Amino acid sequence: DGGITQSPKYLFRKEGQNVTLSCEQNLNHDAMYWYRQDPGQGLRLIYYSQIVNDFQKGDIAEGYSVSREKKESFPLTVTSAQKNPTAFYLCASSQGWLRTDTQYFGPGTRLTVL
Amino acid sequence: DAKTTQPTSMDCAEGRAANLPCNHSTISGNEYVYWYRQIHSQGPQYIIHGLKNNETNEMASLIITEDRKSSTLILPHATLRDTAVYYCIVRGGNEKLTFGTGTRLTIIP
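Protein chains in written order, with our numbering: chain B, 1 to 114; chain U, 115 to 223.
I should point out that these hints are in silico values taken from the structure, not numbers from a laboratory.
Nothing here was measured: the structure is a model prediction, and the numbers come from that model.
The C-beta atom is built at its ideal place from N, Cα and C for all residues, glycine as well.
A couple of the hints might just be wrong.
[To be verified] With a Cα cut of at most 27 Å, we get these calculated DSS-like pairs of lysine-lysine:
id : chain 1 : residue 1 : chain 2 : residue 2
1  : U       : 210       : B       : 57
2  : B       : 83        : B       : 14
3  : B       : 9         : U       : 210
4  : B       : 9         : B       : 71
5  : B       : 71        : U       : 210
6  : B       : 70        : U       : 210
7  : U       : 210       : B       : 83
8  : B       : 83        : B       : 9
[Unchecked claim] Which chain U residues face chain B? A few, computed with CB under 8 Å, are given here:
id : residue
9  : 146
10 : 156
11 : 158
12 : 163
13 : 205
14 : 210
15 : 214
16 : 216
Next up, chain B with everything else stripped away, as it sits in the complex (with noise of 0.2 Å):
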């Protein structure tokens, strides 16, 4: 089965606790990113990576770190830094970075911070 899982569905943490967000491709695709999405909002970009061992701070990096050590996964960090983390987070991966590149989404995160 290819695609882009992200575990775990729900996510719990208390106030002041980093917390790693998993998402993993089989695609074989060079581009991932990370999103976040509000209660009736759209979504919006934390970080993108274009390809192995690089990526980019996207519209509302702060408070978040991420790493792209291997092809296939793209962790994201929420830190106690981040004011309010408790959001849904979507993954996405494409092909490429080109406006012809299709992004394929993960099923999601929700995070509550308690």
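Use these hints to put chain U onto chain B, whose structure you have.
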């Protein structure tokens, strides 16, 4: 800044064609029109995309006007499982996808 304008919500009877409009009056020549949908609490699902020709796949048809300033996504025989938020996105060059708030489509039994 949003490049597209969509109605906030629409209803469609089950079994009928659902026609979802999108205005993108400032679209430039190298920008594609993408459609995604998002069922509640799931990741967005890619539907279709096009540049200037009409496109059709197993999920939907995309009709783009000749001046490319607007488009319509057509779901030919809507089912209850088509209830979702539908996003129209204009994307060009090396730009990221920019999701607005989309159209909430409700299929009525």
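Right, here's what the structure says about each hint:
no. : hint          : in the structure
1   : U:210 to B:57 : holds, 12 Å
2   : B:83 to B:14  : holds, 13 Å
3   : B:9 to U:210  : holds, 25 Å
4   : B:9 to B:71   : holds, 22 Å
5   : B:71 to U:210 : holds, 20 Å
6   : B:70 to U:210 : holds, 22 Å
7   : U:210 to B:83 : holds, 24 Å
8   : B:83 to B:9   : holds, 22 Å
9   : 146           : holds, 5 Å
10  : 156           : holds, 6 Å
11  : 158           : holds, 5 Å
12  : 163           : holds, 7 Å
13  : 205           : holds, 5 Å
14  : 210           : holds, 5 Å
15  : 214           : holds, 5 Å
16  : 216           : holds, 7 Å
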